[in-house]
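Sequences are here, hints too, so could you generate the full structure?
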Amino acid sequence: MWNMKQLEYGALARRANQIKKELRQGVRRPYKEVIDVFQGDLHRAGMKPLTFVRQVLAACVYPPLINSSNLPLDVRQRAQEELGRCVGGSVGSYSAAPGIPEIIHSISEFIKRRDGGIPSHPENIYISPGSQWSISNILNVLVNREASPRTGVLIPVPCHNKTVLSITQLGAVAVPYYLSEEQGWALQVEELQRAHESAKGVCNPVALYVINPGNPAGYVQSQKSVLEVIRFAWEKRLFLLVDELYQDCVYGENCEFVSYKRALSEMGPPFSGTVELASFHSVSKGFSGECGLRAGYVELVNLDPAVMKHIHTLFSKDACSPVLGQIALNLMTDPPKPGDPSYLLYKQEIEQIRTVLVHSVKKVHEVVNSLPGFSCPPIEGGLFAFPRLHLTPKAIQKAKELGLQPDTFYCTRLLEEGGVFTGPGWEYGQKEGTYHIRYNTSRALFKVHH
Amino acid sequence: MKSMSKITLQLQRCARDITNMSQQAVNGVSHRGRVLTLDSMNPNVKRVEYAVRGPIVQRAVQIEKELKEGAKKPFTEVIKANIGDAHAMGQKPITFFRQVLALCSYPALLEDSKFPEDAKQRARRILEACGGHSIGAYSASQGIECIRQDVARYIEKRDGGIPSNPDNIYLSTGASDAIVTILKLLVCGEGRDRTGVMISIPQYPLYSAALADLGAVQINYYLDEDNCWSLNITELRRALSAAREHCNPRVLCIINPGNPTGQVQSRQCIEDVIRFAKEEHLFLMADEVYQDNVYAEGCQFHSFKKVLFEMGPEYSNTVEMASFHSTSKCYMGECGFRGGYMEVINLDPEVKAQLIKLVSVRLCPPVPGQALLDLVVNPPQPDEPSYATFMKERTAVLSALAEKARLTEQIFNTVPGITCNPVQGAMYTFPRITLPQKAIDKAKELGLVPDMFYCMRLLDEEGICLVPGSGFGQREGTYHFRMTILPPTEKLKVVLQKIREFQLRFTQEFS
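Chains as they are written, first to last, in the UniProt record's numbering: chain A, 1 to 450; chain B, 1 to 511.
Quick caveat, the hints were computed from the structure, so don't treat them as lab data. A hint or two may mislead.
Subject to a maximum C-alpha distance of 25 Å in a straight line, what follows is the list of computed PhoX-like cross-link-like pairs (lysine-lysine) [said to hold, decoys possible]: (1) Lys392/B <-> Lys491/B; (2) Lys498/B <-> Lys65/B; (3) Lys162/A <-> Lys357/B; (4) Lys20/A <-> Lys392/B; (5) Lys392/B <-> Lys21/A; (6) Lys309/A <-> Lys48/A; (7) Lys392/B <-> Lys162/A; (8) Lys21/A <-> Lys357/B; (9) Lys157/B <-> Lys392/B; (10) Lys72/B <-> Lys498/B; (11) Lys184/B <-> Lys357/B; (12) Lys309/A <-> Lys444/B; (13) Lys309/A <-> Lys392/B.
Please read all numbers here as calculations on a predicted model, not as lab measurements.
Shown next as C-alpha cells:
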C-alpha cells in the first residue's frame, strides 16, 4: 500500500516546483501561479502570522527593539522575560536539551488548563524541532530491531506519510487499520480488533498511532471513541502515540476536541495509572501556523522511569530545539490576556482566522460535493479535505497505461492544466479500488484564486 | 462553548460506561505490565551516552539550584565551561545578522528607518523566497533554493573557484542533524557485515552517540597527543585492518579543526587522508564547523573539498564525501538557531533519492536558521553600509578567541601535573592531567572513572564545570578534561587560576 521505493513518490512535488520555476521565468501556461494546497501550511496559504508573536520574536532576536516605543509595552516586557530565560540573554545559546525550563513549565500549565485541571508534570515534557522529530525519537525507543517477530505499529488509513516513513525506516511494520469513510472517517474498535488480529504471525504490535483531529481525513473523535481506543490499548497492551496537532482546528457543530490525556485520567484506575501514552502537539498548525519555526512537544504519561532516563539522553544528543521556535511555543501556550495592551488585536486576529477556517471548510465541502465525480463527508476538523474521486473506467485505464496510480494521474492533470498542486490519495493509503485527493482547505478563502 | 465542568461530567459518565462494560475483563486480568521497559526497548538507545550534557552537567545544574536557594558555597556561580556555547559565555551576536532576522520575523520593521538598507534588502530577498512571504511557512525539505545557491557560491569563493552545485547542498537543523542523516544512509548490514565507522579518539561524542543509536561499529583511530594531536596514516591503517576482522568499514570521519583537541590539519595530512579513503574505498565525512576558528601561526584551514579537487579528477571524480558546516561556532556562535548544511560529493543518484526521502520525514530545517545561514555565506560586502561594523565585530570575536587560546595553553603548561597542546583552532582545550595513584584508587572506590572524579571535585570545590576526557575517548591510562576557551578573557584568567590551585591541592591531598 505504501510504495516507498516507487519513483512516483515526490514526483508530483518535483513537477510542481519545476512548473513554479518555469512560470517565474515567464513560460506561458493556462495559469499564472501554482496554487499549492499540498501541505498543511497556513502561512503559505495566505494566513498572516499573529502580530504579537512576531513582535515578541523580533524583539528577542534584536534586543534594542525592547526600547522601541513603536512596540506595545506588553510585547517589550514579554521579550525581556523570554530573553531572561535564555542563557546569556541570547536566543543564540543552546537551551537545556528538553527545552527552556520555564517554557516547559508553561506548557505543562497549558495542558493542565486545557484538561480541566488534570496535572501535567514538566519532567514528562520534551520540546523538539517539530512534532515528527519527537515522534521518531519515541518510535526509536519502541522499535527493537533485534526482536523477532518484528515490532509493529498500528496506523490509520488514511494517514499522512511522515510517521509511516519513520516506522518503516526503523525497520518496524506499519499495520493499517481502516477509518470508515461511510461514517465520516470514524475510528471503529472492531476495525482496530481486526487489524490487531491480522498482525498475528507477521509482527508484534507494540504501539497504536492515532491522529485526532485527523490528517488527511477531517474527523474529530467523539469522547466515546477516545475512551474506546484507550480501553483497546489497555486490553491489547499497546503504547498509545497520539498526534493532536490539529486540536485547535475543530469546526463541526457538536464536535469537541477531547485530549487523550484527559480522557485517560478521567477513566480512573486501572487505566489511568497504566496505559502508556505519548501525546504530540506543535506550533505548526492552529492559529500560530508557524511550521517553519520547527517547535513541537511530547508529553509522556505512565512511562517506566528507567526508560525515561534513556529518552532524556536521546533528546540530549540532538542538542536542543531552535530557541525561536521554543519561544513561539511559549507564546502559543501563554498568550496575551484580557487587559494586556496587545490582547484586543490578538483576539481579533484569532477570531478572524477561526472564521476564515470555518468558512473555508464549509465552502470546500459545498463545492467539492457539487462537482460531478467527487464526494466528501463533512469536514469536522483539521486542515484538509480528503474527497473521494469517482473516476471513470476510461480514466483508470489511461492511468494504468501511463504506469501511474489513478489518483496520481488525476492530480498530475490537475497540476499541469489547472495549476493546482494537491496530494494523491495513494500516498496516504486508502481502500483498494478507491481514489482520493488531499487538499488544504484553508487556501480557499485566505487567497483569491480561479 | 460548553463549560469545563460539563465536559468533565460527560467524560466521567462515558468513562464509567466503558469501564463498566469491561469490569469482568478487568477483574479477571492481572496487573498489566508496561509495554515499554528496559527489556523491551530498543537496546541501541540504552547504549547512547552524551557526555557534554551528561552527569557532570546534571550535577552543575543541581548546584546552581542550591546556590539560588541560598546555599553557601566556596563560589557564587557555576562557570559552565563544558559546552561550546559562545553566547552563553557572553559573546555578542553579530548586529547585522540579528537586524536582518528581526526584519524577517516582523516585516513591518521594513518601514523602520533605524534599520540599514543592506539589512532590509537581504530580509526582502529571504522573505520573497518563503511561502506566503513568511519565515513561518515550511520550506522545501532540502532547504530554500536561493539559500542553497548562496551556500554554493560561498563554497566556490572559499575554495578558489572550484564549482559547487546547489543540488548537492542540503540545509539541516545544525550540522549534527546532517551528520546523523548521512550515517543513517551509510549504516547497514548484519553481524560481520555491519558498517564500521572510523572516528578519531578523542572525538566529539555526537559521533559515538549516533553510532551507538544506529548500531554501527565504532572504529577508533588515535590522534597523536605527543605531536599536537596530529593524524597519522599508519594509525588509520592499523585501526582499519583490525576492524576488518569483525565489521565492514565504510566510513571515515574527521573533525577539522578538531573537537575536543583543537588541532588544525595540514594540507599534506588532508591529502594523505583523501588518498587513504580512495585506496580503502571509504566514504569521507569532514566535520568542518570550526573552519573560521584558526588561531595558531602557520596553521590554515584547508577544506577537504578543495584539496580533493586539487588532487585531480582521479580523486575528485571518485571519492565520495560529505562536508558539514553550521551557524553554531566560528564567529557567529548562534547555536540556538540550529542552522547548518552539508555538501555531498559524488553521491550515487539513487542514494541521493533516498537522502531526499530521509530529510523529508522531519519536513524541513528551521527557517530562521536557514535565513541566518544565508547571511553567514552572504555577509556585508565592502561597499555596503553595514560592512565596517560587521568586520569590526567579526574581528573582535576571532581575535579574542585567538588570545584566549594562547593564554590557556600558556597558563596550563605552567601547572605541575597539567600538560596542554597548543590550541590551534576550534573552541576547546583538552589538557592531559597526571593523577596520583591514590586519587585513581579513590575514584575506583567511588565507582567513578578517574577523570570524572577529578571533574566532580573541581565542580564541587570551585564551581567550574568541565567535561571529563573519558566522555571523548583517550588512550588507556591517560586522563584529560575538555574546557572551552569561551568565558570572557578576565573570567577565563580566573578560571585558569582556580584550576591551577585545585590541581595543586588535589595532587597534595592524594600524594
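Do the alpha carbons of lysine 309/A and lysine 48/A lie within 25 Å of each other, as the hint requires? With a Cα-Cα distance of about 40 Å, the restraint between lysine 309/A and lysine 48/A is violated, given a limit of 25 Å.
Compare the distance between the alpha carbons of lysine 309/A and lysine 392/B with 25 Å, and conclude whether the hinted pair is satisfied. violated (45 Å)
Is lysine 498/B close enough to lysine 65/B, meaning Cα to Cα at most 25 Å? holds (22 Å)
Need the status of pair lysine 162/A, lysine 357/B: alpha-carbon distance at most 25 Å? holds (10 Å)
Run the distance test for lysine 392/B versus lysine 491/B: straight-line Cα separation, threshold 25 Å. Judged against 25 Å, a Cα distance of about 23 Å means the pair holds.
When you check the alpha-carbon spacing of lysine 184/B and lysine 357/B, does it fall within 25 Å? Holds, at roughly 12 Å.
Please verify whether lysine 392/B and lysine 162/A have alpha carbons no more than 25 Å apart. Since the Cα atoms of lysine 392/B and lysine 162/A sit roughly 45 Å apart, the hinted pair is violated (cutoff 25 Å).
Are the Cα atoms of lysine 392/B and lysine 21/A separated by 25 Å or less? violated (39 Å)
Holds or violated: lysine 20/A and lysine 392/B, Cα atoms, limit 25 Å. violated (41 Å)
Restraint status (C-alpha distance of lysine 157/B to lysine 392/B at most 25 Å): holds (22 Å)
Pair hint outcome, lysine 21/A versus lysine 357/B [Cα-Cα no greater than 25 Å]: Given that 25 Å is the threshold and the Cα spacing comes to 22 Å, the pair holds.
Check the hint pairing lysine 72/B with lysine 498/B against an upper bound of 25 Å on the C-alpha distance. This hinted pair holds, its Cα atoms lying about 18 Å apart.
Violated hints, listed in ascending order, are 4, 5, 6, 7, 13; each of the other numbered hints is respected by the structure.
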